[in-house]
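*Asks:* If you want the building blocks of each chain, they are given just below.
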Amino acid sequence: MKKNVLILPVTLTAMLWLYLLAEMVLRLVLPQLIFPRLELTGVVLLCLAAQVAESYLAPHARHNYLLLLLLGALAFGLLPLGAGFVHWQQALVLAAAGAVALCVTTFLFVSLRHRLDDGQRAPLTPLLAALCLYLAVQPLRGVLL
Amino acid sequence: MKVKEYVPALGAVLLAALLLTAVSFALRGMQEERSRAALEQQLTLLLPGSTDFTHRSGDGHLVQALYEGQTGTVARVRCPGYVYDVELLVAVGEEGTVTGLTVWDAHETVGLGSDILTDHTFLAQFLTTDGTAEVGEEIRPISGATVSSRAVSRCVGAAVSAITGVDVPSQATPWGDAP
Chain A
5 MKKNVLILPV TLTAMLWLYL LAEMVLRLVL PQLIFPRLEL TGVVLLCLAA QVAESYLAPH
65 ARHNYLLLLL LGALAFGLLP LGAGFVHWQQ ALVLAAAGAV ALCVTTFLFV SLRHRLDDGQ
125 RAPLTPLLAA LCLYLAVQPL RGVLL
Chain B
11 MKVKEYVPAL GAVLLAALLL TAVSFALRGM QEERSRAALE QQLTLLLPGS TDFTHRSGDG
71 HLVQALYEGQ TGTVARVRCP GYVYDVELLV AVGEEGTVTG LTVWDAHETV GLGSDILTDH
131 TFLAQFLTTD GTAEVGEEIR PISGATVSSR AVSRCVGAAV SAITGVDVPS QATPWGDAP
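Those sequence lines, one after another, are chains A and B. Residue numbers in the first sequence follow the numbering used here, run continuously in steps of one, and reach 149 at the last position. Residue numbers in the second sequence follow the numbering used here, run continuously in steps of one, and reach 189 at the last position.
Calculated directly from the structure, the hints in this document are not laboratory data. In this text the structure is predicted, and so the values were computed from the model without any measurement. Hints are supplied without guarantee of correctness; some may be wrong.
Claimed, not checked - A short list of chain A residues far from chain B (calculated; beta carbon distances all over 12 Å):
hint, residue
1, L72
2, Q93
3, V104
Stated by the list, open to error - Pair ranges (Cβ atoms, derived):
hint, chain 1, residue 1, chain 2, residue 2, range
4, A, L132, B, Q80, 58 to 68 Å
5, A, E27, B, R150, 30 to 40 Å
6, A, E27, B, T112, 20 to 30 Å
7, A, P143, B, R150, 50 to 60 Å
8, A, P143, B, D95, 19 to 29 Å
9, A, H118, B, A47, 18 to 28 Å
10, A, A140, B, T81, 44 to 54 Å
11, A, L131, B, G39, 38 to 48 Å
Ideal placement from N, C-alpha and C gives every residue a C-beta, glycine not left out.
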């Protein structure tokens with residue numbers, strides 16, 4: 005049970021890694037395409053995807069927000085920098101925004117998921133909660149990042 | 011939890027970053043080559059009749075680079091858009107008028123400014139102009155996307171100015187002076 009606290013940072017790293025790797029391959033195959041920037045809505049989408057994965061892997065996982073802040077900043081800062089998509093100044097902004105986004109969405113996601121869960125077996129609750137939050141964050145497109 | 015127990019998660023992040031860096035380095039050469047090929051294909055489309063292009067550096071301001079062909083010159087121009095920069099390839103013929111243009115990079119608002127990528131009627135208005143055409147007068151802007159339309163117009167003006175040497179007044183992109 006103790007290790008459950010690490011599942012969210014690890015699933016986030018996996019999601020971000022897959023996203024960046026897919027973009028690298030697509031940039032190679034289709035160089036003329038314009039790819040969307042990793043902005044706040046994209047960051048939130050990745051956080052929510054990680055939370056949905058965590059919900060299915062470990063439904064009763066606990067969260068250490070200080071740890072999330074630290075590992076979220078490292079993941080959002082180091083991975084896009086390693087992929088060569090951002091300069092270090094942009095990586096710092098992305099790290100700060102990603103860390104905060106991860107903590108805020110985790111808090112909201114867990115709250116919403118528990119509200120939506122009626123006590124019965126409800127396998128789609130995490131997906132529904134993530135969809136609600138993703139729609140709610142749409143007005144923030146182009147803000148901050 | 012003890013600090014020691016965080017090490018696996020920290021290790022996962024560092025390992026993922028390291029792997030991405032390695033893949034990025036491995037693919038960089040191939041990626042640059044393919045990007046260059048894609049750019050050359052666009053240049054050939056924009057300047058029919060030109061096969062070889064000489065690369066020159068831009069003005070250090072809006073014009074990023076110039077590609078001189080046998081039938082004209084293409085300018086790669088970057089102007090501020092609604093949130094992010096808009097990048098265009100603008101072809102100018104021997105007569106000093108625009109013979110072709112395409113949006114090379116843009117991240118404008120989906121459903122509004124992003125139409126500069128697909129609205130051919132809007133882009134076609136710049137053809138045969140000499141860079142002085144203004145949005146709201148000769149150029150009809152995309153509805154609800156005046157800032158993005160002006161960014162395109164500014165790019166075209168800067169391209170013509172850099173290629174012909176004629177000083178073309180550039181329209182301000184900021185929102186305040188929208189028609």
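*Asks:* For A:Q93, is the shortest beta carbon distance to chain B beyond 12 Å?
*Replies:* For A:Q93, whose nearest Cβ neighbour in chain B is about 15 Å away, the distance exceeds 12 Å, so it holds.
*Asks:* With 58 to 68 Å as the target window, see if A:L132 and B:Q80 comply at their CB atoms.
*Replies:* For A:L132 and B:Q80 the Cβ distance comes to about 60 Å; the hint holds.
*Asks:* Against chain B, does A:L72 hold up as non-interface, every C-beta pair farther apart than 12 Å?
*Replies:* 10 Å, violated
*Asks:* A:P143 and B:D95, beta-carbon distance inside 19 to 29 Å?
*Replies:* 22 Å, holds
*Asks:* Run the C-beta distances from A:V104 to all of chain B and say if the shortest one exceeds 12 Å.
*Replies:* 17 Å, holds
*Asks:* Honestly, do A:A140 and B:T81 meet the 44 to 54 Å range at C-beta?
*Replies:* At 52 Å between Cβs, range holds.
*Asks:* Could one say that the CB atoms of A:E27 and B:T112 fall in the range 20 to 30 Å?
*Replies:* The hinted range 20 to 30 Å holds for A:E27 and B:T112, with Cβ atoms some 22 Å apart.
*Asks:* Between A:L131 and B:G39, does the C-beta distance stay in 38 to 48 Å?
*Replies:* Cβ of A:L131 to Cβ of B:G39: about 41 Å, so the range 38 to 48 Å holds.
*Asks:* Using the beta carbons of A:P143 and B:R150, state whether their distance is inside 50 to 60 Å or not.
*Replies:* Once the Cβ atoms are compared, 29 Å apart, the range 50 to 60 Å for B:R150 and A:P143 is violated.
*Asks:* Using the beta carbons of A:E27 and B:R150, state whether their distance is inside 30 to 40 Å or not.
*Replies:* Taking Cβ atoms as reference, A:E27 and B:R150 lie about 36 Å apart, which means the hint holds.
*Asks:* Given a hint of 18 to 28 Å, does the C-beta separation of A:H118 and B:A47 actually sit inside it?
*Replies:* The hint (18 to 28 Å, Cβ to Cβ) is violated, given that A:H118 and B:A47 are roughly 53 Å apart.
Hints 1, 7 and 9 from the list above are not met by this structure, while the remaining hints are.
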